[in-house]
Every structure is written in C-alpha cells, then in structure tokens.
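Asker: We have chain A already, so just place chain B on it with the hints.
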Amino acid sequence: MKMHRIMAVIRRHVLTSYSRFDRLFNMLYWPFINIIIWGITSIWIQNIAHELNLAAMMLTGLVLWQIVFRINIETAKCLYEEVLDQNIINLFSTPLTWAEWVCAMLGIGIINLFLVIITSGATVWFLYSISLFDLGWSIIPFMMCLLLSAWFIGFFISGLLIYWGSKATDYLYTIGYVFSPFSAIYYPVSALPMPVQKISNMLPTTPIFEAMRQLLKTGTYSSEYLIKSFVLNGVYLTCSLIFFYYMFNKSKAKGLGRLD
Amino acid sequence: MKRPSVLEVHNLVKQFPVKRSITSQDKVITIVNGMSFNLIEGEALGVLGPNGAGKTTLIKMLLSVLTPTSGTITYFGKNFFTHRSAILERVSFASSYVKLPARLTVRTNLDIYAQLYGIPSQERAQRIEKYLKFFGMWNLADRETGVLSSGQMTRVMLAKAFMSQPKIILLDEPTASLDPDSALEARTFIKEQQKEHGIALLLTSHTMEEVTQICDRVLVIKQGNIIANDTPRNLAFSVARTRVIFTTEDPSALASYAQMQGLIFHTSEKSIIVEIDEQGIAGLLAELAVQGITYTQIAIHSPNLNDYFLSIAKESV
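First to last, the protein sequences are chains A and B. If you read the first sequence in the numbering used here, its first letter stands for residue 1, the second for the next number, and so on. If you read the second sequence in the numbering used here, its first letter stands for residue 1001, the second for the next number, and so on.
Watch out, some of these pointers could steer you wrong.
[Unchecked claim] Cβ pair distances, simulated, as ranges:
1) B:H1301 / A:H4: 51 to 61 Å
2) B:V1013 / A:I140: 46 to 56 Å
3) B:N1051 / A:R11: 32 to 42 Å
4) B:K1002 / A:F114: 21 to 31 Å
5) A:F114 / B:D1142: 45 to 55 Å
6) A:K217 / B:D1026: 54 to 64 Å
7) B:G1052 / A:L106: 39 to 49 Å
8) A:W137 / B:V1013: 41 to 51 Å
9) B:K1019 / A:F243: 21 to 31 Å
Calculated directly from the structure, the hints in this document are not laboratory data. Predicted model, so just to flag it, every value in this text is computed and none were measured. Where is the CB? At the ideal position from N, CA and C, for every residue including glycine.
Bound-form chain B, shown alone:
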C-alpha cells in the first residue's frame, strides 16, 4: 500500500529585502525560489546543498520560525499556517546550532520541553532516563546545560527531539559537532528510532556519509532551487561510474586492452583506472584472466554522494 505524504511543500518562496541606500531602490534577494516536494510517512529525506543554498532557511520555514514570502506548507493534510500548534505537537526539531537555557540542568530542560509537548509528568521522567542513558548522558542529567561541550549538547538536543515521540523530526546538521565515534552512534540511533517508530525525517547535512547512511531519498538544492530529487545511489551514479583500480608493474598491456575495448581509462606509472558500469566488472575481470593480463592489486571504488556533490560544486565554479 502506498504510504501517505506527511509533509507537502508547494511552490515555497522566501525573499528578503536588502536595504541599499536612501537614494537607490530596495533590492530583493531570493533564498528559496519556488521549492515543491513531499515527505512520505516513515521516509528519511536528506537535503543537500552548498553553503547558502537555502537549507536552513527551508527548515526554519518548516518550523514556523520564519514566515515564507509565498507558497504553502501542508503537514498531515492540514495547512501549517492555520493549524500550526496542533501540527507542531507531532513535529520536533534538533540542530547542533541552537542551545537550551544554560542555567537549567539537562534533566530540567528536557522535562520542560516534554511538558511543552504535553507528556504527563510520570512518563516524562521515564523518557528522560531512557534517552539520556542511550546517549551516555545520564551521569550529566543534573549538570547545568551551559557547561556541556558542544558534542554533549548535540546529544541532549537529539534526546529532546526524540523524546516527544513525534511523527516527523527535522534535523539541521544533527551530528556536526560530534566526534566520528559519537556521530556514528548518533546516526545508528537516528536510523533505528526512525525505523522502529516509523518517523519521517527531514535532515540537512554536510556529511555525505550521514546522508547516505540515513536517507532514503535526497533533495539537492542550489541557489534556492531543487536541482535533483532521487535516491543517494541514483544521484551518485548520475555523475560517475564505478572505477576499477588495477595496480601493476606494467600497465601498458592493460591499457592496450582497455583501448581496444573502447573503455574509459587513466594510467599512471604503476596503476591503471578503468571506468565501467558495475555490471561489467565481472566480465572485465574474466576477460583479463583469459587474455593473461595480470595485476598485483585491485580496488573497486563505487561513486558516492561526495562525487555528486563535487560535481555540482564544480558546475558552480
């Protein structure tokens, strides 16, 4: 059965007036330029784009802390502007760039946020314990939030976002300030919770690995426009093919064969890189064996979102 959309964005525009001088006319800059997309129930949707592409502006509009210039946002089939409060009871948010009241303890902060979402007192205590224990923050529950490191704060923010057990979570670069170990742990947690509770995720990130690991689909935005909307794999393969790297003392035999077959290849002193579709790799290796062309090492590099991101960055230059 087809899953319903929990979020639909239609023709969203955000423009900011820029004051120039008393004599000249005001100019308008467009940060989000008519974006339309949807988020399906239980889906993880990544939003990728270079700095200034409009990712954070988009998230802020989806949270009602920034009013769009035009366009509509519909959550659960209801207009966001007329049903804001009821909708936000089922939507939560975490970012590594915002903070919590510094003078309150971690436990009190989470308790107050849980109260804002209408969670009963007894249940609040249980959920706080559960999520803080998961993130290894239970021993810091009674510490003032202001003294936490940015990594610890990020974990508290994630606990805050998941604690209300929402249907949709908006994550703005959620692991930006975590070390690689903790980031991996957080991503695993996000993915597990998302699958377990059927949460729809909208995630912005600069970490391609994160988007690949978590997201089912990716929106690529550039200068306020959506320029691609596909799975991470399809996006990666749209700009590059698989590269098979052969290390050999004499690359000339392999180079001659590749030339004869019309393959795309690059050679260096002791290696040759052949670009080929994934399904052609087995055939290529079998043919090399038949031809008696040898090599000492082989590495296969599949294209990833990094390749895609670099290609769109190159286009900008």
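If we strip away everything but chain A, and leave its shape as in the complex, we get:
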C-alpha cells in the first residue's frame, strides 16, 4: 500500500468537492434546512409539553445523524463521480489498488466529519444556543462510532455502484435514509413498535443515540452502549468491505470498462 496513491485519490476528490460551489452547497444545504425545521418544531413541542432538554436532544441527534447520512453519501459518491467522469478505466489501470481506494475513502470520511460537525454544530449553536460540547468528551467516541456506521453504509452502496454503475444512482441517496427510523435518532427505542425495536437493537447507530439522550438527561451514560456500537460497527463494516470487494471483482469479471 502506497501513501502517495492514497493521497492522490483524496486530493482528486477534495478538489472536486470543495472547489465546486454546487457540491459544497448540496453538502451543507439539507443539514441547514433540517436544523431550522427540527429546531423550531422541537422548541415548540418543548414549550407545550414542558419537556426539558427536548430541543437539545433532538438537535444534537440531528447533528450527529448528519455524520452518518452525509458521510455515507460522500463515500459512495466518490466512486459514482468516477463513473460519471468515465474515469474508471483510467483510474484502475494505474497501480492504484482496491485497498488504497478504500483507505482514501476513509481519509475523505474524516475530512467530511470535521466539515459536518463544524458547520452543523455551529448552525445549531448560532440559531438555538445549543452546543454539541454539552456532551463533553463523549462526543469523540460518539462521532467515531457514527463515522464507522457511515462507512459501512457507504461501502455497501459502493459495492452496488461498482457493479451496476449509474443504474444504482437511486441507492446512493436512499439507503442511508432506511436506517433513520430504526436508529432512534429523535425518540427512544421504547417508542418504537416491538418488532421494529428488534431491528433497531441490531443497528450500531441506535446505542449512540440512546447514550446521547441518557447523557443529556442524566449527565452520564452506560459504556455498554459504546461497546455494543463498536462491536456491531466492526461486524457491519467488515461485511460491507467484503461485499464491496466481492462486487469489485465480480464487476472486473464483466469489465470495469462497461461502467464508463
């Protein structure tokens, strides 16, 4: 594995993403709109239900969810851009390996994590005076777990894109959404119907939002939530990478050139 090749891929996508207003706008626009809508809604509910911390819980959940939602899209979108640019043959006929591509995506994920947290966190603080730092140092493991979740979804979608190319475009924008109702972002798992709770408990995102709510309510949280999330993320990310690698090779058997 060569660092210069990983850096070249990161550079290519960072330059494409952050030097383009439309791409940057798209990355920041929806979180901003969501924050405004959910912020007003949660403050209104908080006032009529006299539920302390409701707005903080909902908005902190929303900001943390942006990590999963935006980064999974951005991870898969890098591959999608290569398909759109008809650059797949060029790229994979260089010494670049699949593993180096994956490492580059991990690097881009970390860059996007900072971007999402800084912009969404600042918006919430500026509009509603709610600070993510109220979570204390716990924000770091929370963010790491959610980043792992974003990667596993992103690499799963990458597996679909490398095989089906632009035919899989719809999955790029929709698969992340599938996880949102089950992840208990804005409500506790107990609020879900019993059969759905079973699905919810199998996701690595759920324990993080449960821990977040517990922390904001009581000032502390059970470390079991973090352990569960890390273990589940490890399993899902491994499966997702195996799937992506399998689809990459399956696609090579048909020819990566057909995607261009």
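Answerer: Below, chain B alone, put in the same frame as chain A:
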C-alpha cells in the same frame, strides 16, 4: 543481443455468459479465444482486426480492468495477477474513448495521475509543462478538462500516458479523434518517444497508415483468434503483389507482351495494370524499352496493410 520479452500472453481466454431466458440454459460467447503472443522490449506491436475481433477486450485484460476467464499474462517476467500494482507502475495507457475528471483542470488531472505513479512533486510540474507544450496544450493547462474537444482530450491522454515514463504503453486507437495534421504529429511523437526511451508499445488502431508508420510487428485478430503475426510489409505482400499502372493511348501492345510473358494484368480503355514482384519491375521496364512499347505515364502501387485488411474482411463475407 536478443532483447527480452516485457510482456508474454499465454493462452488467454475471455468468455462472457449470455442470459437467454429462465427456461433455456445460459450461453457463453467467447471474445478472446486462446491468444498467445509476446511483446519485446522497445518493440511497437500493432493489434489489427475488424470491429468485435477482441482488440479492446484484450487491452482491458492487459490493464487488469477485465479479468480473463483463463490464461496467463506475464509482465517483466512476473505474473500480472499476483504483482499487479508493481507492474502497473511501469505500464501506462491512453485511449481516445476514456476521459478524465471533467471538473478538474488539465494541469490538476495530470498532476494527480503523476502522483498516482509516484512522481515527486517538483518533477511532476516539469513533466506536465514539457508534454503539454509538445502537444500545443500549454495554454489550456488551467482549463477544465470537461470543456476540451475530443482532439484536445486525446492529446491530454497521450501526455498522461507518456508522462510517467513507462516501459510499456498500451494505446487503444490513440489518434481516432484527431484531425489528419494532429494525428500525424501525434504518431511522429509516439514513434520518437518510443525510440528515444526504448518504450514497448502495444497499439490497436483502425488506421492502417498509423500501424504501418508506428509498428514493427502486427498481430491480426479475428473472432478472438490471432490469425497472423508478422511485419506490416510481410502481411501486405502476403495478399497482393506490386501493381504497375501504365497509362497509354493503345494498351493492346502492352497487353500482348504481358500475355506472352505470362504476367497477370488487367486492361481498361487507356491503361493497363500489371501485377508483378517488386524485384521484377526494373527488368519489365527495360524489356518494354527494348521492345519499343511506349506509355505516357507510369505509377507503381505497392501493397499495404489496407489490402491485407480488405482481404481478411472479404474472407469474412
């Protein structure tokens, strides 16, 4: 001293399954059917064949963007499937049918590709300038790649391929979208660079002139099989002889002489075409002078790869 092979392909096969229907069994189509050949260090090898012969499929397998069904590919004595990354550091590729990221500038694109090949930053800038200047693209260095014409894109792709100073370059119809002037310029550049740096070239093309100008040897492929492997000249002469075209007011005297000598000839109202080996031309002209047979004009047409290509195309019909 005999130059070593830098690429050896042995019994390469590529088959694709074709789904027919739920009830019938899947069918398999064979695009590359057991090809074996080698590419010698510093050699320019052309791959010729009609559409669908398997040229592009072959190139894709040689680049590892398509997995062969069976067979082996060996570069520099190493198995391609187990040493892919190390091998591709010394192999590059250009095609007029693939593109580069549209939103990045020409300079940035080339810089990123140079980085993928591990060229140090300072050297990258120098090489980009050198190759873009050669192709008359220096003034477009900061233009987004997406707005380039197909001819300009082809030049950028060629710059990309040569910039990493590889030992082998695979070119898939590299001048297909260039006008005749630029195509000639590009071919001259390819040949010069190849000779200067001892690069081995594998080139597919539909332009016989290009293959003749650049290639030392040609593989002719048809329906996934190599049907000929020879120099462009030998291939051309294998299907046709030199034609001497005499223009004359009265072709009958020349026709009688040709018949008497047992030569192959075709006549029309004011000309006669005699098919003859190249070495026999001087003797024929001398004998015509002795016999007092006159003509107003003479043209000599040597067979070329076009004749060869047309002959194999005819066989297909």
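Asker: Against each hint, give a clear statement of whether it holds in the structure.
Answerer: Cross-check of the supplied hints:
1. Restraint check, H1301 (chain B) to H4 (chain A): a C-beta distance of roughly 54 Å satisfies the suggested window 51 to 61 Å.
2. Between V1013 (chain B) and I140 (chain A) the Cβ separation comes to about 53 Å, which falls inside the hinted range of 46 to 56 Å.
3. Taking the beta carbon of each, N1051 (chain B) and R11 (chain A) are about 38 Å apart, inside 32 to 42 Å as hinted.
4. Between K1002 (chain B) and F114 (chain A) the beta carbon distance is about 58 Å. The supplied range of 21 to 31 Å is therefore violated.
5. Take F114 (chain A) and D1142 (chain B): their Cβ atoms lie about 29 Å apart, and the range 45 to 55 Å is violated.
6. At roughly 59 Å, the beta-carbon separation of K217 (chain A) and D1026 (chain B) lies within the given 54 to 64 Å, and the hint holds.
7. For the pair G1052 (chain B) and L106 (chain A), the supplied restraint of 39 to 49 Å holds, since their beta-carbon distance comes to about 41 Å.
8. Between W137 (chain A) and V1013 (chain B) the C-beta distance comes to about 59 Å, which lies outside the given range of 41 to 51 Å.
9. Checked against the given bound of 21 to 31 Å, the beta carbons of K1019 (chain B) and F243 (chain A), roughly 22 Å apart, stay inside it.
Hints 4, 5, 8 from the list above are not met by this structure, while the remaining hints are.
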